[in-house]
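J.: The residues making up each chain are set out below.
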Amino acid sequence: MELLAFGKTGWGDELFYATLMTIVVSVTAIFIGFFFALIFTPLKLSKFKSLNLIGNFYTTVIRGVPELLVIYLFFFGGSGAIMYVASIFGYFEYIEINAFITGSMAIGIISGAYSTEVFRGAIQSIDKGQFEAAKVLGINKFTQFYKIILPQMLRLAIPNLSNVWQITLKDTSLISVTGLVEIMRQSYIAAGSTRDPLFFYCFAAILYLMLTYISMKIINRLEIKYNRGY
Amino acid sequence: MDFDLMFTSFPKLLGATVVTLKLLSASLFFGLIIGLLFAILRINKNIFINKFAYGYSYLFRGTPLLVQIFIIYFGLGQIEYLRSTFIWVILKEPYWCAIIAFTLNTGAYTSEILRSAFQTIKPGIIEAGKSLGIPNKIIFYKIQIPIAIRQSLPAYGNEIILMMKGTSLASTVTLMDLTGVAKYIISTTFKPIEVFIVAGGIYLFMTFIIHNFIKYLEKKYSFSQ
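Heads up: the sequence lines are chains A and B, in that order.
Just so we're aligned: the first sequence equals residues 262 to 491 in our numbering.
Just so we're aligned: the second sequence equals residues 71 to 295 in our numbering.
Hints in this document: simulated from the structure, not taken from any laboratory.
Model, not experiment: these values are computed from the prediction.
Idealized CB from N, CA, C, for every residue including glycine.
Some hints could be false.
Listed next, the in silico DSS-like pairs over lysine-lysine satisfying Cα-Cα at most 27 Å (straight line) [stated by the list, open to error]:
#1 A/K478 with B/K121
#2 B/K285 with A/K310
#3 A/K408 with A/K396
#4 A/K402 with A/K389
#5 A/K486 with A/K402
So the derived label-pair ranges between C-beta atoms look like this [what the hints assert, rightly or not]:
#6 A/E275 with B/G271: 35 to 43 Å
#7 A/C463 with B/Y211: 23 to 31 Å
#8 B/I117 with A/V285: 34 to 42 Å
#9 A/G490 with B/G203: 26 to 34 Å
#10 A/I300 with B/M71: 22 to 30 Å
#11 A/L314 with B/T155: 35 to 43 Å
Reference listing, derived: stretches of chain B covered by chain A, where coverage requires no fewer than 3 residues with Cβ under 8 Å from a Cβ of chain A [unchecked claim]:
#12 203-215
#13 221-227
#14 248-256
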């Protein structure tokens, strides 16, 4: 228990901040994922074959390739790509992007592929009559999407999005390989310096269990909220 | 684009694919046995057995696979007692540690898939068997299990693909699987995109094969023949 003390003697405060980091990265990543899903879902549902192809390419590649490989691509290729873009604009200095941005971008793109599939499924299961009714009433496309389709879609999407959230949360453990100090990295450091890996990795497992348990409770609340009237 | 690198790294990556496939097949084989065992425990009416099986699947589905591998590879070696027994022969090898972690992980997911398959079997089918005077044991082995396996094929196909992606984590415990070799080539040549295309292509190809194989099985064993 001394190992978990706060302050200089123990690893309590370090692990606490690491847990916060895991939460922050997961939340950032899932929102980046939603952003990608909002771009790629319309592409997948589009009438044009070529746009469909782009959407399908994104979801198939990302869901068929290991997360770790994608993270390595971002970790090793991230600053190179940025420097290449910068060199076009006449900037030739070395640019290093920090682990947080690389990590949350990589996890965000992965979770975006899963979110896209969830959104696509949810939109497709909304009754066609809803779209037609909105059209007949002369509601413009924007209001139709935000006031009619989105609320109905969320109700259907939340159970599956909760899976995506759990996957994203667990995937953040992989960005420890880039050196970002989240739960896994901090446990690795602590295990290395105290020579007590069993204790710290088990504690990390408990922290992850706690996070998944709490998020499950919150998501259940949301589900009840969006199921009003059903 | 460095096409030369892509050509020279392809055979190396293909060699590493063998390690990935070995890990995958071993963990799927043992995982299916464990999954079936725990699925049967889950539908047991005894509350303690039931809760034990639920606890197992909750524990392994609620934590990242990386933590599980690290606990088994770095953590278990710390227990002095284990080091003196014959188990240590297995546990000191990263290869076996990875297989144990993957097996336990996929076992937890498989048990959930099979459990839901058992629970969706129509009671009428079991009743029909009973009314024909078939003993309970034979109903279970000859009727319930085949139907459950058929029911769970699509979900199990997804699990196989997830597990294939999961084997990439073996590279974190010094195993040179497809991802491990890809990382090694990237960090020595600093050409991430080329290596990613080749290694990702191999992974996608395996996903494609698994996906179609499961589709074929689904068609072969569909009810409406």
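J.: Are there three or more residues in the stretch 221-227 of chain B whose C-beta lies within less than 8 Å of some C-beta in chain A?
T.: violated (count 0)
J.: Are there at least three residues in the stretch 248-256 of chain B whose beta carbon sits under 8 Å from a beta carbon of chain A?
T.: Per the Cβ count (4), the hint holds.
J.: Would the hint linking A/K486 and A/K402 be met if the CA-CA limit is 27 Å?
T.: With Cα atoms ~26 Å apart, A/K486 and A/K402 stay inside 27 Å; holds.
J.: Evaluate the given range 26 to 34 Å for the C-beta pair formed by A/G490 and B/G203.
T.: Violated, at about 50 Å.
J.: Assess, step by step, whether the Cα of B/K285 is no farther than 27 Å from the Cα of A/K310, and give holds or violated.
T.: 24 Å, holds
J.: Between A/C463 and B/Y211, is the Cβ distance one that fits in 23 to 31 Å?
T.: 38 Å, violated
J.: Against the 27 Å threshold, does the CA-CA distance of A/K478 and B/K121 hold or violate the hint?
T.: 20 Å, holds
J.: Would the hint linking A/K402 and A/K389 be met if the CA-CA limit is 27 Å?
T.: Since the Cα atoms of A/K402 and A/K389 sit roughly 15 Å apart, the hinted pair holds (cutoff 27 Å).
J.: Holds or violated: the 35 to 43 Å window for the beta-carbon distance between A/E275 and B/G271?
T.: Roughly 40 Å apart at Cβ, these two residues keep to the hinted range, so it holds.
J.: Holds or violated: 22 to 30 Å for the Cβ distance of A/I300 and B/M71?
T.: Given a distance of about 26 Å, which is inside 22 to 30 Å, the answer is holds.
J.: For the pair supplied as a hint, A/K408 and A/K396, confirm whether the alpha-carbon distance does not exceed 27 Å.
T.: 13 Å, holds
J.: Are there three or more residues in the stretch 203-215 of chain B whose C-beta lies within less than 8 Å of some C-beta in chain A?
T.: violated (count 0)
Going through the hint list in order, the structure does not satisfy hints 7, 9, 11, 12 and 13.
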